[in-house]
Amino acid sequence: MKKNHIILLAIAAALLLVLPQYLKNYGVYLLTYWLIFVLATMGLNLTVGYAGQKSLGHGAFFGIGAYTVAILLKAGISWWIGMPLAALLCFVVGLILGFPALRVQTIYLAFATLGFNTAVWLVMRNEEWLTGGTFGINNVARPGLLGLSLDANRPYYYFVLGVTVLMALLLLGLLRSPWGKAFTALRDNPIRAESLGINIRAYTLLAFAIGAAYAGVAGALFASLVQFIEPAPFAVAASIMMYLMVVMGGPGYFFGPVLGAAMGVVVPEWMRDVPGVSEWYLPLFGAAVVVLMVWLPDGLLSLPDRIRAKRASREASAARSAAAAAAKGVKA
Amino acid sequence: MTALLKVTDLKKAYGAIQAVGGVSFEVQPGEIFGVIGPNGSGKTTLFNSMLGQITPNAGKIELKGEDVTHCGPLELSRRGVGRTFQTLQVFGKMTVRDNLIVAAQEHHGSMVSRMFAPGDSGLGTKADALIDRFRIRHVAHLKAGTLSYGQQKLVDIAMAFMSEPDLVLLDEPCAGVNPSLVGGISTLLKDLNRNPASGKKSSFVVIEHNMDFVMDLCHRIMVMVEGKVMAIGTPAEIRANKQVLDAYLGA
Chain V
0 MKKNHIILLA
10 IAAALLLVLP
20 QYLKNYGVYL
30 LTYWLIFVLA
40 TMGLNLTVGY
50 AGQKSLGHGA
60 FFGIGAYTVA
70 ILLKAGISWW
80 IGMPLAALLC
90 FVVGLILGFP
100 ALRVQTIYLA
110 FATLGFNTAV
120 WLVMRNEEWL
130 TGGTFGINNV
140 ARPGLLGLSL
150 DANRPYYYFV
160 LGVTVLMALL
170 LLGLLRSPWG
180 KAFTALRDNP
190 IRAESLGINI
200 RAYTLLAFAI
210 GAAYAGVAGA
220 LFASLVQFIE
230 PAPFAVAASI
240 MMYLMVVMGG
250 PGYFFGPVLG
260 AAMGVVVPEW
270 MRDVPGVSEW
280 YLPLFGAAVV
290 VLMVWLPDGL
300 LSLPDRIRAK
310 RASREASAAR
320 SAAAAAAKGV
330 KA
Chain F
0 MTALLKVTDL
10 KKAYGAIQAV
20 GGVSFEVQPG
30 EIFGVIGPNG
40 SGKTTLFNSM
50 LGQITPNAGK
60 IELKGEDVTH
70 CGPLELSRRG
80 VGRTFQTLQV
90 FGKMTVRDNL
100 IVAAQEHHGS
110 MVSRMFAPGD
120 SGLGTKADAL
130 IDRFRIRHVA
140 HLKAGTLSYG
150 QQKLVDIAMA
160 FMSEPDLVLL
170 DEPCAGVNPS
180 LVGGISTLLK
190 DLNRNPASGK
200 KSSFVVIEHN
210 MDFVMDLCHR
220 IMVMVEGKVM
230 AIGTPAEIRA
240 NKQVLDAYLG
250 A
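Same order as they appear, the protein sequences are chains V and F. Sequential numbering from 0 applies to the first sequence in numbering that gives the first Met the number 0. Sequential numbering from 0 applies to the second sequence in numbering that gives the first Met the number 0.
Chain V with its partners taken away, still in its complex shape (with noise of 0.2 angstroms):
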């Protein structure tokens, strides 16, 4: 790692950890709300960033993880129990998504998680016996840690801080494993990769399972952040807002779902507050994405890498121009 990464990331560290000390209920929750989506887009990061699987339903994996939750606390089985089997349920689910993609890509695999993510909603919208319908579920308790009370926003917020952390770093290592360049390998060229060896059916869903198993981690947090859960939070324009997190932090840049989700969740957010753009912030906001995608559709991560290549590439043809007048000075 280099030198300015350590101080940037050094600097994040401290805000992280100082901030909630000087904001606001409202801002304390804000935070933690951002922070859950920064664990699923980092899920979906895997699946669409990293792996190449252009995923559509991962609004359903986040509300299968709330729900699981919900419906477990109600049942009287704890959340410590519940998020785990959330993880698992969204784990297995997601497997059994990877299928069609072994079948189709791109944009036909978006149309069929996209009809995946329909019939989960309608399952949390229609059976209520199970869901609670549209009247959805109260009174979602929040866990504890080691007998400490985390029912208060500042509390929850280091203790979800705490875990995105965790599984950042465990997403982090196997991406640095021999596993993250197969996916990038599956990503850029699938009938190369089966050609060296690398199984790509079963990379492809675990592609989506682990994907799907962040996903209902951040669903179980948010349950619990929110306290209340009805299907809307995890309709198809959920995934469709994580998709575009996703894409405007930098696919397949690690970082990238840290600042995509800022943009999807904090920005509009803080917009609404601001007197004056409070009125736009819809029309500003969708503008902001239509200027990011024309000139950085990889994302906001990508920047450093553009200048870097701008720079690369005018440093060469000035090499070579150089190289040019010399030669002539030879020949004359």
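Just to be clear, a hint being listed does not mean it is correct.
[Stated by the list, open to error] Below, a list of computed lysine-lysine pairs in the DSS-like style, where the Cα atoms sit at most 27 angstroms apart: (1) K53/V - K92/F; (2) K227/F - K10/F; (3) K199/F - K189/F; (4) K5/F - K59/F; (5) K2/V - K92/F; (6) K5/F - K199/F; (7) K199/F - K63/F; (8) K227/F - K5/F; (9) K63/F - K200/F; (10) K125/F - K92/F; (11) K309/V - K1/V; (12) K59/F - K10/F; (13) K125/F - K199/F; (14) K1/V - K142/F; (15) K2/V - K142/F; (16) K125/F - K200/F; (17) K1/V - K92/F; (18) K59/F - K200/F; (19) K63/F - K10/F; (20) K142/F - K53/V; (21) K142/F - K309/V; (22) K142/F - K125/F; (23) K92/F - K309/V; (24) K2/V - K309/V.
[Claimed, not checked] Here are the in silico distance ranges between beta carbons for each label pair: (25) V288/V - Y148/F: 31 to 41 angstroms; (26) K2/V - K63/F: 48 to 58 angstroms; (27) P282/V - D127/F: 51 to 61 angstroms; (28) G275/V - G121/F: 51 to 61 angstroms; (29) S312/V - T1/F: 52 to 62 angstroms; (30) G285/V - G121/F: 48 to 58 angstroms; (31) D304/V - G108/F: 29 to 39 angstroms; (32) K1/V - G108/F: 29 to 39 angstroms; (33) G121/F - A308/V: 24 to 34 angstroms; (34) G198/F - L145/V: 54 to 64 angstroms; (35) R102/V - Y13/F: 15 to 25 angstroms; (36) K199/F - I190/V: 23 to 33 angstroms; (37) Y148/F - V289/V: 30 to 40 angstroms; (38) Q242/F - S316/V: 45 to 55 angstroms.
No lab work stands behind these hints: they were computed from the structure. Just so you know, even glycine gets a beta-carbon here, dropped at the ideal spot from N, CA and C.
Knowing the structure of chain V, use the given hints to seat chain F on it.
The following block gives chain F in isolation, referenced to the frame of chain V:
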């Protein structure tokens, strides 16, 4: 001596068109075997059958005495068959070195053990040796997609050798390569054949349109015309074959 690769009476038809109509040949260990023929003579169909991309209608393909007729690309790779493609097939967003490492990493351990393995799977030294051999050290740290066509071609070929395969199938290694590099590729392939990094000899099957390249590189050559074998022989024999000259070389 058992042949490394033995193809017996291979047939593949697309509807009414018999693309490959009963082709048989053997490739011996350590041999460089060339396949030539005009466009539409069935070379690529033959190649794709050998590589598990398509299933032949009839016939048998044996590798080291084992029937591999119905093996897919994944299984063939695990059994020691490497390949290159007609068009460039590198992983554009990975560095050259990572391209080489990923080309062999799945040949060691299991998926679970690879989850905990170091990022380079312990293949760094081997990758570096190939990088030096292919003279791409100065670009080894760059993303493969940013290299020139010729450099990418070298990376592409090097990848096929990373897992120390017994058999390497090269599909037009000179396509789109400038003449000076064609000589370089020929020298490289001869050297890889004579002095394999692992000490284990590998055989090559080469499809190529560049006649000088094939004649210079290959030990034996098979000429295909309209899905059938017209002749198999040493470069000298093929050059002297009247029938081949009329059908192909004389054109």
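Against the structure, the hints come out as follows:
no.	hint	in the structure
1	K53/V - K92/F	holds, 18 angstroms
2	K227/F - K10/F	holds, 10 angstroms
3	K199/F - K189/F	holds, 14 angstroms
4	K5/F - K59/F	holds, 8 angstroms
5	K2/V - K92/F	holds, 24 angstroms
6	K5/F - K199/F	holds, 20 angstroms
7	K199/F - K63/F	holds, 14 angstroms
8	K227/F - K5/F	holds, 16 angstroms
9	K63/F - K200/F	holds, 13 angstroms
10	K125/F - K92/F	holds, 21 angstroms
11	K309/V - K1/V	holds, 20 angstroms
12	K59/F - K10/F	holds, 9 angstroms
13	K125/F - K199/F	holds, 14 angstroms
14	K1/V - K142/F	holds, 18 angstroms
15	K2/V - K142/F	holds, 22 angstroms
16	K125/F - K200/F	holds, 16 angstroms
17	K1/V - K92/F	holds, 20 angstroms
18	K59/F - K200/F	holds, 24 angstroms
19	K63/F - K10/F	holds, 21 angstroms
20	K142/F - K53/V	holds, 23 angstroms
21	K142/F - K309/V	holds, 14 angstroms
22	K142/F - K125/F	holds, 19 angstroms
23	K92/F - K309/V	holds, 17 angstroms
24	K2/V - K309/V	holds, 22 angstroms
25	V288/V - Y148/F: 31 to 41 angstroms	holds, 36 angstroms
26	K2/V - K63/F: 48 to 58 angstroms	holds, 52 angstroms
27	P282/V - D127/F: 51 to 61 angstroms	holds, 54 angstroms
28	G275/V - G121/F: 51 to 61 angstroms	holds, 60 angstroms
29	S312/V - T1/F: 52 to 62 angstroms	holds, 53 angstroms
30	G285/V - G121/F: 48 to 58 angstroms	holds, 49 angstroms
31	D304/V - G108/F: 29 to 39 angstroms	holds, 32 angstroms
32	K1/V - G108/F: 29 to 39 angstroms	holds, 31 angstroms
33	G121/F - A308/V: 24 to 34 angstroms	holds, 31 angstroms
34	G198/F - L145/V: 54 to 64 angstroms	holds, 58 angstroms
35	R102/V - Y13/F: 15 to 25 angstroms	holds, 22 angstroms
36	K199/F - I190/V: 23 to 33 angstroms	holds, 26 angstroms
37	Y148/F - V289/V: 30 to 40 angstroms	holds, 35 angstroms
38	Q242/F - S316/V: 45 to 55 angstroms	holds, 53 angstroms
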